[in-house]
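*Asks:* In case you want the letters, here they are:
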Amino acid sequence: MDKFVNVALPKGRLGEKVYDMFEKAGYECPSIREPNRKLIFENPEAGVRYFWVKPSDVAIYVERGAADIGVAGKDILLEYEPDVFELLDLDVGKCRMAVAGPKDFRDDPGRTLIVATKFSNIASTYYNSLGRDIDIIHLNGSIEIAPILGLSDVIVDIVETGATLRENNLEVLETIVPISARLIANKASFRFKSEKIEEIAAGLAEVIKND
Amino acid sequence: MKTNDYTLRDDEKIIFALRSLFEKYGYAQYKMVKFEEYDLYVRNKEFLVSDNIITFNDTSGKLMALKPDVTLSIIKNTKDNPDGIRKVYYNENVYRVSKSSKAFRELMQVGLECMGSIDGYCISETLSLAAMSLKIISDSSILSITDLDVISYVINLVTDDSRLASELLALAGEKNLHGIAALCAENGISDEKCGLFCKVVALHGRPGAVIEKLREIIPDCPALIPLSDTVRSLGEYEDMLELDFSYSGNIKYYNGIVFKGYVDDVPACVLSGGQYDKLMAKMGRKSKAIGFAVYLDELEKILSKGKQYDVDTLLIYGDGTDRKALTEKVKELAQGGSSVLALRNVPPKLRYRQLIEI
Chain A
372 MDKFVNVALP
382 KGRLGEKVYD
392 MFEKAGYECP
402 SIREPNRKLI
412 FENPEAGVRY
422 FWVKPSDVAI
432 YVERGAADIG
442 VAGKDILLEY
452 EPDVFELLDL
462 DVGKCRMAVA
472 GPKDFRDDPG
482 RTLIVATKFS
492 NIASTYYNSL
502 GRDIDIIHLN
512 GSIEIAPILG
522 LSDVIVDIVE
532 TGATLRENNL
542 EVLETIVPIS
552 ARLIANKASF
562 RFKSEKIEEI
572 AAGLAEVIKN
582 D
Chain B
48 MKTNDYTLRD
58 DEKIIFALRS
68 LFEKYGYAQY
78 KMVKFEEYDL
88 YVRNKEFLVS
98 DNIITFNDTS
108 GKLMALKPDV
118 TLSIIKNTKD
128 NPDGIRKVYY
138 NENVYRVSKS
148 SKAFRELMQV
158 GLECMGSIDG
168 YCISETLSLA
178 AMSLKIISDS
188 SILSITDLDV
198 ISYVINLVTD
208 DSRLASELLA
218 LAGEKNLHGI
228 AALCAENGIS
238 DEKCGLFCKV
248 VALHGRPGAV
258 IEKLREIIPD
268 CPALIPLSDT
278 VRSLGEYEDM
288 LELDFSYSGN
298 IKYYNGIVFK
308 GYVDDVPACV
318 LSGGQYDKLM
328 AKMGRKSKAI
338 GFAVYLDELE
348 KILSKGKQYD
358 VDTLLIYGDG
368 TDRKALTEKV
378 KELAQGGSSV
388 LALRNVPPKL
398 RYRQLIEI
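Line by line, the protein sequences give chains A and B. For what it's worth, the numbering used here labels the leading residue of the first sequence as 372, then goes sequentially. For what it's worth, the numbering used here labels the leading residue of the second sequence as 48, then goes sequentially.
Since the hints were derived computationally from the structure, they do not count as laboratory data. Check before you lean on any hint, since a few could be wrong.
So the derived list for chain A, only partly shown, Cβ under 7 Å to chain B, looks like this [said to hold, decoys possible]:
#: 1; residue: Cys400
#: 2; residue: Asp460
#: 3; residue: Asn557
#: 4; residue: Ala559
#: 5; residue: Lys567
Nothing here was measured: the structure is a model prediction, and the numbers come from that model. Even glycine gets a Cβ: it sits at the ideal position worked out from N, Cα and C.
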């Protein structure tokens, strides 16, 4: 058994913020702050090994056991439904999953609603719960442009401040679910490394409490 | 024909070892038909891991399916015997959609079913066999046991709303305590009841210690007595057992003891089973039942590591090599029990124990 706890962190601003929390919890790895292009960093004394991975891939790394634990947005967990434990709400990276559309949009229940989104599963689960017939157009980016160009009626996307929506004459029509970063764990690793993983989770919970 | 240890792949060795173990405990092999009527699976869709099924029309126009599951076929094709006990094992291919590739895969599944007047001993024996099966696969393994009667007892203390109960169970399966707290708050569940549920969901560890904690949290739960008896009967396997109450399966079909097996270095459960009296009742059977399956596809990661060499001897010959001498040399090496590959050149990346030039 690998003595390290392998931690998948999301590359980018959120990842750096989350690493700060791990550091405060006592799982520092100074080499991670050195300016270089390395992707894997370890601290044998603390027993942790960090990886930087694409935020949307963290859940895959954890579900497939390449990482024992990781930090993923609730949006990714709802979209891909990985078979993992969700141990902690880290209370950072807060935003919401929302339906947005043109300011003058009125939903006509007599016709199929066309929804553009990166989050097809979240959108279909949401509209299924409402019994609303929809047609999903899966896009990979610049979702806001879809209703402006008439590609879709509305979009389902992450909204942080709403500035991009406002600048494009769109507004939030419904909030589907609040989003934040979550600490997740592989179900098998949790059993073989439970003491260490629970220790890390408790350390992070303490950091959240004190912040 | 003689086979030796080398001839068998690691997964085949495991299959033989499991079959031998099950037969030692009086389980008879159950050989089943390759196809079942699609209707069987449609009626029990929620019992299946995935509801994607390969179907085709047979010559009479009936819609048939390639088996996505073995247990349903065994129940359907076995006579109900509520007063006796029937013990069977199987090793069969099933056809399921892989979650990652979204494509159908043929998977080998080995497992056992014990059906009839199931008593405490049957439950203990099945759990022992599950523990022994894991030991066959790896020296470092964990059998994680849950008692759905305990979970049902706690859920009933929290709510009688079945929709809310299933949402709470889904969150329990993720050990998502913050999600449970938020859901309870949304639905007006008191902090006391929510706290009680969270305490049980968070419990995991060595059975003795967990049962002690359960006695403190839910002293009046009647399921604790049979659970303690079951755990006590498994003393021999104590070092590999854990009790865990984060169950994520289907309580419409399962009841009582359910369990999952994990081995080190494999990221998903490799063994899964439990009591499924509710499924039996749904299929019109009076018998009770317990069983488990070992998922050999999950073991690929550790099994592929095992083989150090592709071949024992690489025998290189040239244009001038005497063919009779070469044939005899190959035969001599092969009869000695090792594998031999005769080639003109050394292939790139081939791993061999020894190289002989002739």
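*Asks:* A:Asn557 was flagged as interface toward chain B. Is the shortest Cβ-Cβ separation under 7 Å?
*Replies:* holds (5 Å)
*Asks:* Does A:Asp460 pass the interface check with chain B, least Cβ-Cβ distance below 7 Å?
*Replies:* holds (4 Å)
*Asks:* Given A:Ala559 as an interface hint, is its Cβ closer than 7 Å to any Cβ of chain B?
*Replies:* With Cβ-Cβ at 5 Å, under 7 Å, it holds.
*Asks:* Would the hint on A:Lys567 stand, with a C-beta cut-off of 7 Å toward chain B?
*Replies:* This hint is violated: A:Lys567 lies away from chain B, its Cβ roughly 14 Å from the closest one there, beyond 7 Å.
*Asks:* Given A:Cys400 as an interface hint, is its Cβ closer than 7 Å to any Cβ of chain B?
*Replies:* violated (23 Å)
The structure fails hints 1 and 5 (numbered hints given earlier, in ascending order).
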